[in-house]
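Residue numbers (our numbering), protein chains in the order written: chain A, 1 to 399; chain B, 1 to 399; chain C, 1 to 399; chain D, 1 to 399.
One or more of the hints may lead you astray.
Identical chains share a label here; the pair holds if one copy fits it or two copies do between them.
[What the hints assert, rightly or not] Subject to a maximum C-alpha distance of 25 Å in a straight line, what follows is the list of computed DSS-like cross-link-like pairs (lysine-lysine):
{"id": "1", "residue 1": "K323", "residue 2": "K105"}
{"id": "2", "residue 1": "K323", "residue 2": "K367"}
{"id": "3", "residue 1": "K377", "residue 2": "K105"}
{"id": "4", "residue 1": "K377", "residue 2": "K135"}
{"id": "5", "residue 1": "K86", "residue 2": "K377"}
{"id": "6", "residue 1": "K105", "residue 2": "K380"}
{"id": "7", "residue 1": "K168", "residue 2": "K135"}
{"id": "8", "residue 1": "K86", "residue 2": "K74"}
If you're looking for bench data, these hints aren't it; they were derived computationally from the structure.
Number of protein chains: 4
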Amino acid sequence: MSKQTDRILKALDQFNIETPSWGYGDTGTRFGKFFQDAAAITIDDKLSDAGIVHRFTGCCPSVAVHVLWDFPPKCDINAVLRTARKHGVRIGAINPNVFQAQDYKFGSLGNPDPAVRRKALRHILDSVELMHATKSRFLSLWFADGSCYPGQSDIVQRKEWFAEGLRKSHDKLRGNDIMLVEYKPFEPAFYHTDIGDWGMAYILSRQSGKRARVLVDTGHHYQSQNIEQIVAWLLDENMLGGFHFNDRRYADDDLTLGCIDPYQVFRIFHEIQLAGWKGKNIRDIAYMVDQCHNLKGKVEETIQTAMNAQELWAKAALVDYDKLGRHQMRCELIDAENCLRAAFSTDVRPAIELWRRKRGLHPDPLKAFRASGYERKAAKDRAARRRAAGIVQGKSFAF
Amino acid sequence: MSKQTDRILKALDQFNIETPSWGYGDTGTRFGKFFQDAAAITIDDKLSDAGIVHRFTGCCPSVAVHVLWDFPPKCDINAVLRTARKHGVRIGAINPNVFQAQDYKFGSLGNPDPAVRRKALRHILDSVELMHATKSRFLSLWFADGSCYPGQSDIVQRKEWFAEGLRKSHDKLRGNDIMLVEYKPFEPAFYHTDIGDWGMAYILSRQSGKRARVLVDTGHHYQSQNIEQIVAWLLDENMLGGFHFNDRRYADDDLTLGCIDPYQVFRIFHEIQLAGWKGKNIRDIAYMVDQCHNLKGKVEETIQTAMNAQELWAKAALVDYDKLGRHQMRCELIDAENCLRAAFSTDVRPAIELWRRKRGLHPDPLKAFRASGYERKAAKDRAARRRAAGIVQGKSFAF
Amino acid sequence: MSKQTDRILKALDQFNIETPSWGYGDTGTRFGKFFQDAAAITIDDKLSDAGIVHRFTGCCPSVAVHVLWDFPPKCDINAVLRTARKHGVRIGAINPNVFQAQDYKFGSLGNPDPAVRRKALRHILDSVELMHATKSRFLSLWFADGSCYPGQSDIVQRKEWFAEGLRKSHDKLRGNDIMLVEYKPFEPAFYHTDIGDWGMAYILSRQSGKRARVLVDTGHHYQSQNIEQIVAWLLDENMLGGFHFNDRRYADDDLTLGCIDPYQVFRIFHEIQLAGWKGKNIRDIAYMVDQCHNLKGKVEETIQTAMNAQELWAKAALVDYDKLGRHQMRCELIDAENCLRAAFSTDVRPAIELWRRKRGLHPDPLKAFRASGYERKAAKDRAARRRAAGIVQGKSFAF
Amino acid sequence: MSKQTDRILKALDQFNIETPSWGYGDTGTRFGKFFQDAAAITIDDKLSDAGIVHRFTGCCPSVAVHVLWDFPPKCDINAVLRTARKHGVRIGAINPNVFQAQDYKFGSLGNPDPAVRRKALRHILDSVELMHATKSRFLSLWFADGSCYPGQSDIVQRKEWFAEGLRKSHDKLRGNDIMLVEYKPFEPAFYHTDIGDWGMAYILSRQSGKRARVLVDTGHHYQSQNIEQIVAWLLDENMLGGFHFNDRRYADDDLTLGCIDPYQVFRIFHEIQLAGWKGKNIRDIAYMVDQCHNLKGKVEETIQTAMNAQELWAKAALVDYDKLGRHQMRCELIDAENCLRAAFSTDVRPAIELWRRKRGLHPDPLKAFRASGYERKAAKDRAARRRAAGIVQGKSFAF
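Please take these sequences and the hints and turn them into a complete structure.
Structure follows, in structure tokens:
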């Protein structure tokens, strides 16, 4: 086996990516959802779908869950855990939902109404309990909070409310729990967002306590912003918690990882593996998918996502760090640059197929999934259940 | 009365702005809608709301309608017209809807399936009939068509389908009908949008026929794009059909006109009034609002919008064109620039209040509306009707 | 005198803005400079120009200087100070230059070559001495450092070099000296910039010591970024050092303050005055101009800039904070927003003219400057001196 | 030989890319130039450098020239042609320069002063004569014209002046001459640019005459704009004249082709080859490089550029059009997308090396160039000539 293949195999052994339960249900844009018979209805469906993704890709062993959608009040947590085990997956990051209820119209932890702030905090604290009950390590916090009009909000006052709410959330953590603080420049708030960029997430995380880290959603940046630099800085500051991967061209488009700019994902992976090579602990980074599968088949797109991620992770594993460092120190720009380009130009697909074969997986997960008949069966079964329960998909556009 | 006040009064006499029926119902983002008891349920409610806006502002005499939402199959068009008359408004631009039905998942006029293309065309042709039945002059076409992934679509083939569909739509027009062709760079399509910018709308309009014009939605541009230049060019090419006004900071945020960058709206209005002063026919431009009122009270925000528009239109009316032209020809930059700044710095609110008083309107439409008790009454009435009909607001977020 | 006028007069009493020496000499874009006879040649010319700006505006008492351009080796610092005094101005922020020499091709404090890093540090330490010699309080650091190609540089290694260099620079400060750390996303580095955003400047400043603060150049942001929120956060963190004001539509266009988006400058000023009203110390903020006057007359544009700044500062002073806070707490969006809009819509020019008259200034500084004949005289004098010295303006485009 | 290799060889046979004479001399940003001893001084040097690039890459047979810099008044055109022949290259696109002279401070064809407009037109007409004298087919027009401040210019008046100037320029063309009209959204004009986007270039080209085409500079777009869609539309309208290739992350960064987003260049090449496959004439498209080599060795970077272009062109040649079209018609998104991804993932470097060997070229042009000692020799020679002529590189930053 070539040294190159060997590097790829080792790199893939160390790379898993978590899929989100909400990626298996019907989603869409504010202009509408396009429904699929095979879309998951229940948490059982979602875990089944996640299980099938892991069965065919071998790199998606955990599932991020949305507290509100997946764990309704009084649900049997142990039953959910058994279902997960049955499908060969485990519960990953716990995502509270403090944006959907009508109460959150003007914010959650940043709401001027103390009762709403308390309600939001309570839900987060409950989520920490769920985290402990499901043996998850990650509390994943995203806030829609912000304002749409200049003057609407007292930006500094809201910063303080956030600092307080996050500190209290953090206090409930224990052991090696991690609180992930996500940032996003806009949407659904269109004038200011309380945690609008990595600098804000960094400050609030630092002030919350030692278990807080920044979560990088690749779609939550300004046009042209250098995401890999942010990743490198956060790693150096020991403040990188994890990722929500997706690709975009315009705003938070939530497209398939790497479908628009694969070289950028490669560079992010490169910064991480380079940091690992230099001795940083990169084992605790949570790699997660956060996409909106409105047009493609949901399980198919998730498999495609995992395959894209593996391809780009494998390419990044081929960078020759000694050579790169030498050229960087000598300011040999073209040669340094070509260290990255050579790795990116290499066709790593055969080595990845070999990795799959060694694990007893089909070399082409997408083909194998299609051959399995899973989607057809799920579509038939779920459509029937919807009919039986009188569920009508639709009427969900935002206008 | 000062010459300045006189200019403002005359300018306001020539400025109306159309409000959209969909701005009175519940709308939101893909993360959710926040419901209001006073939100309109039926077309009657919407016309009533539009009527009240016009009654207090005096500059919103027409209402843009969405064919699908406002004119369901077999509705009594004459009854709608009577309702409109009763509320003191008339039907404005007719907006077909070829994006909402599940059939349109992969496009309407640009769909690879000829049956879907025919369905979309049929709906547009029906909309032209509705236009004639309602004595509206404007067919307002916005297409969500596009693709989300590189390779998904044959861009050129879709261009041809669009050229064909628009030509056939145009053929159904008559007299002084106008077909407005809107462009938008992204959302809900995130890789390519078939009519993505003003150049594309221009080409397709030119190729459709003499009754086609470009519609400028102020929120449908790239970051930093000079909208007033596009407006000036379209005017010069006799291809400016009208506007969808709203403001934004990031994407198509659909905020209140002028709330983020009032000077830009002022400059757009300046280019139009300047063209009028030079002799261009600017009387047929359709000024329309297209906003998403998720947080503010819907009627209140519409009134605020009309007031903002009047304020900025009045400021633009104060530019001294002779002086401006002289400084421009002599490349006296600071003096030319200050012609615009002086107009913008002027407080035009007293003159606008005078205009209102001369029309028998309250000088502060927002205050007068609030004093009228309309919203409280509408909220009570509509909430009761929702209860009676078993309508549950909600469950409409896109996830 | 109305209460409103009184607020404006008080606000103007507390607002000065520093002009940059380099704004009086010939500048341009990479496509060329357009020369002006009246452009300053020497530091004496620049101080004379700055003095005239202050004489007519009354709000520009200090001048930012560029160490390399204004204080060549062995220059007589005391003579410069005497000249400044003669022209009625004082020396403001000291700006080292570690980007112009050929040595800095691959960086200054971030250069892989330790000799270059030492050279850059030495220049900065020398600048601190100059700062003390000139009794300036502000060391203003901008670094062009970064890379143009993926792989060119070790981002994390350069971060460490910067942390070290800034710490050593900070160690040389004393008393109430302030070290301003500026950020910029791109240009002249086009792949990554070592201090690329406010988060990076914040981290490096925090790690340097208690005399380090972040400098906000309004042109150094991503498209659509909410600058006033950054300002508000930095103020709350006691980390806002000052501003480089200019306006832009696209990149770092370095246009006249407020010429493109005056409402944004107003909102920045509002956040500062609001913080002051809440009790924050805002007296030490350094307001500076950093523009590139390629087309307009340099002194004229600087006067226009100061006038724009005063107008927007005065408008911001009119916000009713009690009312605003009340509406914000009650989530009365339209009313809260209108607190800002009402202040912005007010014509503050008469009150500013009054402020000028009370100080013995002409109510229209631009008109008075033009009437003074200063520019004509400077042009004649400087053209003659250029001829005498054999200086040929030009040949300076970047191609 | 595999079918795949065969496709690549054929594709490379049909792909040449022109290098610019100005890419061999010293260039920089407004913050400074970093000088290289080996930078070309004269047109002879530039043709020599271009010749060496072609000798090693085999795909750069022509050189774009800047009239002002390369053909000073009274230069011996035939001598230049002989020099070009000697170095194995020919003269490509002729680029007039109507932005550098002080007269053009407020524009060229759009200048309010008729004398300046005439001067600019005269220079362009002279350039057409030069074009005929050098047997070039392409007149390549880029205008810096625009304004920096709202109100500075009469946008519509300038549009008319441009229409007139371009028509007169076009009238001077003959035979199969092509007039390329370039667009650029900003820089050096920062408020409006007279030919700001492809729509404006399209309209002006259409109105000029049948020999006018649009020139696409890949760096001249808004953030996130879909360039390949513009290319596809222009091709379909028979209005695509050619390209200025370079890459960027932020503004018009003028970096090496494909260094930031190689997948985007691939997609542009794909749209072109797809159009060719469908029967469009794509043979007359002018592929040109327009980059600013401030940090890398100029000849080295040009060779790297040509190699990048070949790699991405070869990848694009591997798309299976039949398969792609089938999946597109069936709306099989993942499969359609994967047609592009499979081509892009393929390592085409071995096939390109084979193509080189078959032409007697070294498989690694960069390595071969370095081994040739050309740069060292040029540096020594040119440094000596600079010394002899008393030329001092430097003093060229824009401040």
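Right, here's what the structure says about each hint:
In this homomeric assembly, K323 and K105 come within 25 Å of each other (Cα to Cα) only across copies, at 22 Å, whereas the closest approach inside a single copy is 54 Å. Taking identical chains as interchangeable, the C-alpha atoms of K323 and K367 lie at most 25 Å apart only when they sit on different chains, with a minimum of 16 Å there against 38 Å within one chain. Proximity of K377 and K105 under a CA criterion of 25 Å is satisfied inter-copy only: 22 Å between copies versus 40 Å inside one chain copy. In this homomeric assembly, K377 and K135 never come within 25 Å of each other (Cα to Cα): the closest approach is 32 Å inside a single copy and 52 Å across copies.
In this assembly of identical chains, the alpha carbons of K86 and K377 lie at most 25 Å apart only when taken from the same copy (18 Å versus 56 Å across copies). In this assembly of identical chains, K105 and K380 lie within 25 Å of each other by CA distance solely across copies; the values are 21 Å between and 38 Å within a copy. Taking the shortest Cα distances, K168 and K135 sit within 25 Å of each other inside one copy (20 Å), while across copies they are farther apart (47 Å). For the homomeric pair K86 and K74, the shortest alpha-carbon distance inside one copy (21 Å) is at most 25 Å, but the shortest distance between copies (53 Å) is not.
Against the hints set out earlier in the document, a violation occurs for number 4 only.
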